[in-house]
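Undergrad: Chains as they are written, first to last, in the working numbering: chain A, 1 to 311; chain B, 312 to 622; chain U, 623 to 893; chain W, 894 to 1164.
Hints are computed from structural coordinates only; laboratory data are not their basis. The structure presented is a predicted model; accordingly, all values stated were derived computationally and were not measured. Careful, some of the hints might be misleading.
DSBU-like mimics (lysine-lysine), calculated; alpha carbons at most 35 angstroms apart, straight line [to be verified]:
| hint | chain 1 | residue 1 | chain 2 | residue 2 |
| --- | --- | --- | --- | --- |
| 1 | A | 302 | W | 1036 |
| 2 | U | 682 | W | 900 |
| 3 | A | 302 | B | 421 |
| 4 | U | 680 | U | 749 |
| 5 | A | 205 | B | 516 |
| 6 | B | 601 | U | 765 |
| 7 | B | 603 | A | 205 |
| 8 | W | 1133 | W | 1036 |
| 9 | W | 951 | A | 284 |
| 10 | B | 603 | A | 152 |
| 11 | W | 953 | B | 396 |
| 12 | W | 1036 | A | 295 |
| 13 | U | 682 | A | 85 |
| 14 | B | 600 | U | 862 |
| 15 | B | 396 | A | 205 |
| 16 | W | 951 | U | 749 |
| 17 | U | 680 | U | 629 |
| 18 | U | 629 | W | 1020 |
| 19 | A | 205 | B | 325 |
| 20 | W | 1036 | A | 292 |
| 21 | U | 629 | W | 953 |
| 22 | B | 613 | U | 749 |
| 23 | W | 956 | U | 685 |
| 24 | W | 900 | U | 685 |
| 25 | B | 600 | U | 765 |
| 26 | A | 152 | A | 289 |
| 27 | U | 629 | W | 1133 |
| 28 | A | 284 | U | 680 |
| 29 | W | 1036 | A | 289 |
| 30 | B | 613 | A | 292 |
| 31 | B | 603 | U | 765 |
Chain U stretches covered by chain A per the calculated footprint, using a threshold of three residues with CB under 8 angstroms from any CB of chain A [as the list claims (entries may be wrong)]:
| hint | region |
| --- | --- |
| 32 | 775-784 |
| 33 | 788-801 |
Yeah, the Cβ is synthetic: ideal placement off N, Cα and C, and Gly gets one too.
Below are the chains, spelled out letter by letter.
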Amino acid sequence: MVNLSTNTGGLTLKNPVIAASGTFGYGLEYCQYMDLNRLGGLIVKGLSLNPHLGNPPPRIIETTGGMLNSIGLQNIGVDAFIKEKLPLLRQYDVAIIVNIFGQTVEEYVKVARRLSEVEGINGVEINISCPNIKAGGIMFGKDPQQAGFLTKRVREATPLPLMVKLTPEARNISEVAQRVEDSGADSISLVNTFLGMAIDVETSKPLLATITGGLSGPAIKPIALRMVWEVAQAVSIPVVGSGGIASARDALEFIIAGAQAVQVGTANFINPAISVEIIEGIGKYLQDKKLKGIKQLVGSLKIPAHEKTSH
Amino acid sequence: MVNLSTNTGGLTLKNPVIAASGTFGYGLEYCQYMDLNRLGGLIVKGLSLNPHLGNPPPRIIETTGGMLNSIGLQNIGVDAFIKEKLPLLRQYDVAIIVNIFGQTVEEYVKVARRLSEVEGINGVEINISCPNIKAGGIMFGKDPQQAGFLTKRVREATPLPLMVKLTPEARNISEVAQRVEDSGADSISLVNTFLGMAIDVETSKPLLATITGGLSGPAIKPIALRMVWEVAQAVSIPVVGSGGIASARDALEFIIAGAQAVQVGTANFINPAISVEIIEGIGKYLQDKKLKGIKQLVGSLKIPAHEKTSH
Amino acid sequence: MRNIHVKVVSNQETAPLCFRMVLSGPFENFYLQPGQFIMLRIGNGYDPLLRRPFAAYKVKTLKGISLEIFYAVVGHGTRIMSRIRPDAELELLGPLGNGFRIPDRTTGALIVAGGMGIVPLRALIYKLLDTQIHSIHLFMGSKSASHLLFHKEFQDNEILLHVSTEDGSNGHHGLITELFSHFLENHPLKKDNNVCFTCGPSSMLQTVASIASRYRLPCQVSLESRMACGIGACLGCAVKLRNHSCSSSSPENYGRVCIDGPVFDAREVEW
Amino acid sequence: MRNIHVKVVSNQETAPLCFRMVLSGPFENFYLQPGQFIMLRIGNGYDPLLRRPFAAYKVKTLKGISLEIFYAVVGHGTRIMSRIRPDAELELLGPLGNGFRIPDRTTGALIVAGGMGIVPLRALIYKLLDTQIHSIHLFMGSKSASHLLFHKEFQDNEILLHVSTEDGSNGHHGLITELFSHFLENHPLKKDNNVCFTCGPSSMLQTVASIASRYRLPCQVSLESRMACGIGACLGCAVKLRNHSCSSSSPENYGRVCIDGPVFDAREVEW
Ligand SMILES: Cc1cc2nc3c(=O)[nH]c(=O)nc-3n(C[C@H](O)[C@H](O)[C@H](O)COP(=O)(O)OP(=O)(O)OC[C@H]3O[C@@H](n4cnc5c(N)ncnc54)[C@H](O)[C@@H]3O)c2cc1C
Ligand SMILES: Cc1cc2nc3c(=O)[nH]c(=O)nc-3n(C[C@H](O)[C@H](O)[C@H](O)COP(=O)(O)OP(=O)(O)OC[C@H]3O[C@@H](n4cnc5c(N)ncnc54)[C@H](O)[C@@H]3O)c2cc1C
Ligand SMILES: Cc1cc2nc3c(=O)[nH]c(=O)nc-3n(C[C@H](O)[C@H](O)[C@H](O)COP(=O)(O)O)c2cc1C
Ligand SMILES: Cc1cc2nc3c(=O)[nH]c(=O)nc-3n(C[C@H](O)[C@H](O)[C@H](O)COP(=O)(O)O)c2cc1C
Ligand code: FES
Ligand code: FES
Chain A
1 MVNLSTNTGG LTLKNPVIAA SGTFGYGLEY CQYMDLNRLG GLIVKGLSLN PHLGNPPPRI
61 IETTGGMLNS IGLQNIGVDA FIKEKLPLLR QYDVAIIVNI FGQTVEEYVK VARRLSEVEG
121 INGVEINISC PNIKAGGIMF GKDPQQAGFL TKRVREATPL PLMVKLTPEA RNISEVAQRV
181 EDSGADSISL VNTFLGMAID VETSKPLLAT ITGGLSGPAI KPIALRMVWE VAQAVSIPVV
241 GSGGIASARD ALEFIIAGAQ AVQVGTANFI NPAISVEIIE GIGKYLQDKK LKGIKQLVGS
301 LKIPAHEKTS H
Chain B
312 MVNLSTNTGG LTLKNPVIAA SGTFGYGLEY CQYMDLNRLG GLIVKGLSLN PHLGNPPPRI
372 IETTGGMLNS IGLQNIGVDA FIKEKLPLLR QYDVAIIVNI FGQTVEEYVK VARRLSEVEG
432 INGVEINISC PNIKAGGIMF GKDPQQAGFL TKRVREATPL PLMVKLTPEA RNISEVAQRV
492 EDSGADSISL VNTFLGMAID VETSKPLLAT ITGGLSGPAI KPIALRMVWE VAQAVSIPVV
552 GSGGIASARD ALEFIIAGAQ AVQVGTANFI NPAISVEIIE GIGKYLQDKK LKGIKQLVGS
612 LKIPAHEKTS H
Chain U
623 MRNIHVKVVS NQETAPLCFR MVLSGPFENF YLQPGQFIML RIGNGYDPLL RRPFAAYKVK
683 TLKGISLEIF YAVVGHGTRI MSRIRPDAEL ELLGPLGNGF RIPDRTTGAL IVAGGMGIVP
743 LRALIYKLLD TQIHSIHLFM GSKSASHLLF HKEFQDNEIL LHVSTEDGSN GHHGLITELF
803 SHFLENHPLK KDNNVCFTCG PSSMLQTVAS IASRYRLPCQ VSLESRMACG IGACLGCAVK
863 LRNHSCSSSS PENYGRVCID GPVFDAREVE W
Chain W
894 MRNIHVKVVS NQETAPLCFR MVLSGPFENF YLQPGQFIML RIGNGYDPLL RRPFAAYKVK
954 TLKGISLEIF YAVVGHGTRI MSRIRPDAEL ELLGPLGNGF RIPDRTTGAL IVAGGMGIVP
1014 LRALIYKLLD TQIHSIHLFM GSKSASHLLF HKEFQDNEIL LHVSTEDGSN GHHGLITELF
1074 SHFLENHPLK KDNNVCFTCG PSSMLQTVAS IASRYRLPCQ VSLESRMACG IGACLGCAVK
1134 LRNHSCSSSS PENYGRVCID GPVFDAREVE W
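Just chain A, same shape as in the assembly (with noise of 0.2 angstroms):
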């Protein structure tokens, strides 16, 4: 048998597949149609300290082999979720991950702290990237300094593996990747989406009614790819690999780039089922490939020579 555990700086997860936060509602919403007990990880949707209206429709827009979203963390807020969704979800046998934000850096302590009251949960994710709010989120993951500091908040306030998330928006995103390193992050995830837009032009009209929104889903892959494979070189803390993972080759792609683990997020949108098949395709590759475990293939790349020599 081949070893799928993997482990996200603190948190050893049974294989590398993560459900993304926003993509997987609560958990509970899917376990009609897939076993939560398969999944290495889910990461819930974004929480804040209040519940949060989200943004007015229309929401989303599919685009060609993406979409955009402008959900605007619409959420039941940290109370509600740990009332009413913790307890159920708890009676899975799948690492929970508490994707959180706030429009403050007050409120991510809040909540970060909130969480680290209560059993059964084992990781936080910091989102520092969400397109789509107007203040907090995305403002904090552009800029290295303010990543650092956020942070480092957090992690006085948490001890729970602290995973961030970064946004592919950030003017350098190894240099953000290495000052949440410094300042206490377990792993690093990336990437959220990227800033889009689209228009109607019947109307003439943006078809988001936030006139932008997120863009996800296989589309971003190979740029997501190409930030995963620089963060993982910049960093020596786990990297968390994600952007339109749809397959096992695509997760494995991410793998062999340098990332401990994957999150699969759109991709659940097409297929509920997906993340077991991809489970089950990573499997079989290392069984083809006759591997041990993950862990031989994390960072695998082979460097041409000629690129070698050049960079």
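Could you slot chains B, U and W with the ligands onto chain A? The hints should help.
TA: Same frame as chain A, now just chains B, U and W with the ligands:
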């Protein structure tokens, strides 16, 4: 009859559709498949002072809704172009724009000067955005100051209408655009390709010999459109939009977002006559909407009321 | 609620740009209530990327139980769908959402359908007839006579048909809401036991809802929204609802068309 | 060289993961030389995005002239292609590239085909036979017996067939290049008038080219490369060639497989 003509800073085009550099060869490659006279304009493959060998193969790989390329600006050099290609190209009634690049500012200046000495060239596009060469190219496009300096020097070297092509990898594309405007550019084109990569999981090798390459095609359209919208608001010279345009609707989105004209790139590979179909589609749209010309459409995006107040 | 593999039996244009697609698959224990829907994956690649929502209807054929959908070609996804050939294999998620509810003691139904909105309402009509509710007024509007779906089928039935077309090629020349409003004005109803059911373009639904409320007629609207997941996870299909709960400070909140709907009580919706 | 609309007549698996697709369309004045190719747009959407290159062959059917292609399912595009149903409409660009050249006074041909490489060589064989060149040795290698295309067809012909399979299920157990090399060793040829034509995996082509050069046998290789445009515009299909021109300072340059090839003189290629 609707009037499709438009102006891109010192250059009047009979319609707003321009074939993008590097996707249309030296123009002549397409003359069996379409009537070059129909095009608004045509930008030839990036030219340098001396012939350029380009990168080793494999140079292209398809991704979802897009493609990565690492051609590396292979070209016959400005002199061979003037001698062998221009005389043939000049016989068509189409604006001929020459895309130029160099490894140094001096090289850009020399190529621009050389092109100004001959008849039949209607404009120059400065490529400060190619991700596929190690020196020059994108180096100049990422930094506002360098972009401005280069533009200024080329501006001094040629009286030809000057279009500067920006990279989406710029840390702040609107800032680069403003600097380029201040330095004397007649128009700005964007976007060039995004840096991406792909891995062959069977061999653990990159699928491009240069590891990374430029992502183009419909996949990038939402991001490109958002950038064109932003830049069009930031500058007052004409903006030429590109990135994933493959239909009249796509082109119209860019025009509504603020582009005076558009460039069609990767779509030429999908259908060599796509530009003509786009021109016809734009004409039909204007007719259906009872609009007299392109100008009424440029930048006509209707911003929702709630977004106007909060910006 | 499952993800199942189905096969295209046929896919033909029945009205201009309106197609009927018949699917075969393991539909034995597939119970669809009128108003519920399915999400269909169109093709095997990534274009279109997301599944598309459609009302579906179970039909018995010689070969067993099939699923029938009727769809209009309105954009990129449905255009590609219209080119699918028999024997193609697709993936189908469903049944999804909450359908129409027929309250106990309902004796009559007023049904208002605009364009493709007739599709889920057709299933409702048969259910009403099955439940021995025979006083059914169907108000059916479309662009033109050729776009009137199931028109013949309904004429042969015992339901009372009111037709309008925007171009006047059949029935009332104008909007179906005009006919509906006019009817209510002239035919006082025993309101308590009548229910209004409606599906169609959003502007029509809004008008129907306000007419129904004027006559204190309970009204169920089937809403549409762009969807990504169809199962309540993405929050993409949000619709503004009036907030009845006291726990929240805001006077409104967002419901999910896919799982809280697509059928809503018209009074819940913040138009 | 045109972009034409064609219709799928049939699309069936003839060997494991190898399909034969027949296309109908305006092929009257469509002249394809052996070795030339077409670019086929697979589907109407953007997945796959780019056209795929295939060798094609004109066949006469009851309904007129059709085009026949044989393709192996090797990746995303060909997988989607294998699911296309009859009657689907596709777009086709062609004929493209430079095919095999039969030099004047050729009297014999040594043809080495690896896997799907047989497809363009089959057309060449018929052309050779038409040109009254009857001394044809065909060396045909594949993974296994079930992957040997046109095997029966060639057996019925007057050509001399040499077969190898990697699993030994038919003919020589091993690589076709072994058989080819062994044959040349034992059968001295009148080299001047023999030509070697080869198509298959790149490593095989390289071996064939070096064997041919050892025996001073003129050799034409049909290369493969990923293509975007197929018409010489994108420079994506580059292959390294030896530079014969003196104008350039570099000892090598890049040729375009699509328009400078796909058939090259083996000596031109910088392997
Ligand atoms: C619960 C539900 C049931 C439906 N049942 C049917 C049905 O039985 N028959 C039928 O023809 N259609 C039905 N629809 C609408 C159908 O899903 C859309 O027409 C289809 O998804 C459009 O896909 P497209 O790619 O062709 O359009 P796009 O190119 O995505 O858009 C084209 C146009 O269609 C509109 N549109 C796109 N998606 C939706 C959507 N989900 N809902 C409403 N409008 C949309 C857009 O606003 C745009 O104007 C239903 C929708 C819902 C939500
Ligand atoms: C001139 C020419 C003629 C050809 N004729 C035939 C033919 O008659 N029958 C046939 O089965 N195939 C033929 N091919 C190869 C065929 O084009 C590829 O197998 C096909 O494009 C793969 O598409 P895909 O999306 O399934 O593969 P991808 O998913 O894109 O790739 C899968 C695998 O196929 C390889 N591959 C992809 N594209 C090409 C390519 N253009 N050339 C070579 N290898 C490629 C990749 O390296 C990879 O290993 C020809 C290629 C060329 C250049
Ligand atoms: C509808 C939607 C909602 C999302 N919500 C969140 C969120 O609440 N928090 C977060 O960190 N990321 C959120 N994301 C981003 C995803 O988690 C993921 O990082 C991104 O979509 C890229 O991966 P993908 O291409 O696999 O979807 C959301 C994405 C989508 C499509
Ligand atoms: C194969 C290829 C070669 C290109 N070569 C050049 C070039 O020489 N100079 C340049 O400025 N842009 C070049 N580009 C970028 C295109 O002109 C265009 O800006 C980009 O592809 C985005 O547009 P698209 O999505 O419509 O292709 C090239 C793009 C491709 C795909
Ligand atoms: S479509 Fe995803 S929540 Fe409704
Ligand atoms: S495929 Fe574009 S140049 Fe050959």
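Undergrad: Decide, hint by hint, whether the structure agrees.
TA: Evaluated hints:
With a C-alpha separation of about 28 angstroms, the suggested pair residue 302 of chain A and residue 1036 of chain W falls inside the 35 angstroms cut-off, and the hint holds. Using a Cα cut-off of 35 angstroms, the hinted pair residue 682 of chain U and residue 900 of chain W holds, with the two alpha carbons roughly 33 angstroms apart. Only pairs whose Cα atoms come within 35 angstroms are accepted, and residue 302 of chain A paired with residue 421 of chain B is rejected, the gap being roughly 39 angstroms. For the hint linking residue 680 of chain U to residue 749 of chain U, the alpha-carbon distance of about 12 angstroms falls within 35 angstroms, and the restraint holds.
As the CA atoms of residue 205 of chain A and residue 516 of chain B are separated by approximately 44 angstroms, the hinted pair breaks the 35 angstroms bound. As the CA atoms of residue 601 of chain B and residue 765 of chain U are separated by approximately 22 angstroms, the hinted pair is consistent with the 35 angstroms bound. Restraint check for residue 603 of chain B and residue 205 of chain A: the C-alpha separation of about 20 angstroms stays at or below 35 angstroms, so the hint holds. Simply put, residue 1133 of chain W and residue 1036 of chain W have alpha-carbon atoms about 28 angstroms apart, close enough for the 35 angstroms limit, and the pair holds.
Distance hint between residue 951 of chain W and residue 284 of chain A is unfulfilled; the C-alpha atoms sit about 42 angstroms from each other, more than 35 angstroms. A distance of roughly 58 angstroms separates the Cα atoms of residue 603 of chain B and residue 152 of chain A; the hinted pair therefore is violated under the 35 angstroms criterion. Restraint check for residue 953 of chain W and residue 396 of chain B: the C-alpha separation of about 41 angstroms exceeds 35 angstroms, so the hint is violated. Distance hint between residue 1036 of chain W and residue 295 of chain A is fulfilled; the C-alpha atoms sit about 33 angstroms from each other, no more than 35 angstroms.
A distance of roughly 41 angstroms separates the Cα atoms of residue 682 of chain U and residue 85 of chain A; the hinted pair therefore is violated under the 35 angstroms criterion. Under the criterion of a C-alpha separation no larger than 35 angstroms, the hint pairing residue 600 of chain B with residue 862 of chain U is consistent with the structure, at around 32 angstroms. Distance hint between residue 396 of chain B and residue 205 of chain A is unfulfilled; the C-alpha atoms sit about 43 angstroms from each other, more than 35 angstroms. With a CA separation close to 57 angstroms, the supplied pair residue 951 of chain W and residue 749 of chain U exceeds the 35 angstroms bound.
Between residue 680 of chain U and residue 629 of chain U the CA atoms are separated by roughly 14 angstroms; this keeps the pair inside 35 angstroms, and the hint holds. With a C-alpha separation of about 43 angstroms, the suggested pair residue 629 of chain U and residue 1020 of chain W falls outside the 35 angstroms cut-off, and the hint is violated. For the hint pairing residue 205 of chain A with residue 325 of chain B, the CA-to-CA distance comes to about 27 angstroms; that is within 35 angstroms, so the pair holds. Simply put, residue 1036 of chain W and residue 292 of chain A have alpha-carbon atoms about 29 angstroms apart, close enough for the 35 angstroms limit, and the pair holds.
Restraint check for residue 629 of chain U and residue 953 of chain W: the C-alpha separation of about 33 angstroms stays at or below 35 angstroms, so the hint holds. Taking the CA atoms of residue 613 of chain B and residue 749 of chain U, the gap is about 44 angstroms. The hint is violated against a cut of 35 angstroms. For the hint linking residue 956 of chain W to residue 685 of chain U, the alpha-carbon distance of about 33 angstroms falls within 35 angstroms, and the restraint holds. Of the pairs offered as hints, the one joining residue 900 of chain W and residue 685 of chain U holds, with about 30 angstroms between alpha carbons and a cut-off of 35 angstroms not exceeded.
Restraint check for residue 600 of chain B and residue 765 of chain U: satisfied, since their Cα atoms lie roughly 20 angstroms apart, inside the 35 angstroms limit. For the proposed pair residue 152 of chain A and residue 289 of chain A, the alpha carbon gap of about 41 angstroms is over 35 angstroms, so the pair is violated. With a C-alpha separation of about 47 angstroms, the suggested pairing of residue 629 of chain U with residue 1133 of chain W is violated against the 35 angstroms cut-off. Our distance criterion of 35 angstroms between C-alpha atoms is broken by residue 284 of chain A and residue 680 of chain U, whose separation comes to about 39 angstroms.
At roughly 20 angstroms between alpha-carbon atoms, residue 1036 of chain W and residue 289 of chain A fall within 35 angstroms of each other, so this suggested pair holds. Of the supplied pair hints, the one linking residue 613 of chain B and residue 292 of chain A is violated, its CA atoms being roughly 57 angstroms apart against a limit of 35 angstroms. This hinted pair checks out: residue 603 of chain B and residue 765 of chain U have alpha carbons roughly 29 angstroms apart, not beyond 35 angstroms. Chain A is given as covering the region 775-784 of chain U, and this is violated because 0 residues of the stretch bring a CB closer than 8 angstroms to a CB of that chain, at least three being needed.
Three residues within the 8 angstroms Cβ limit are the bar, and the region 788-801 of chain U against chain A gives 0, so the coverage statement is violated.
Against the hints set out earlier in the document, violations occur for numbers 3, 5, 9, 10, 11, 13, 15, 16, 18, 22, 26, 27, 28, 30, 32 and 33.
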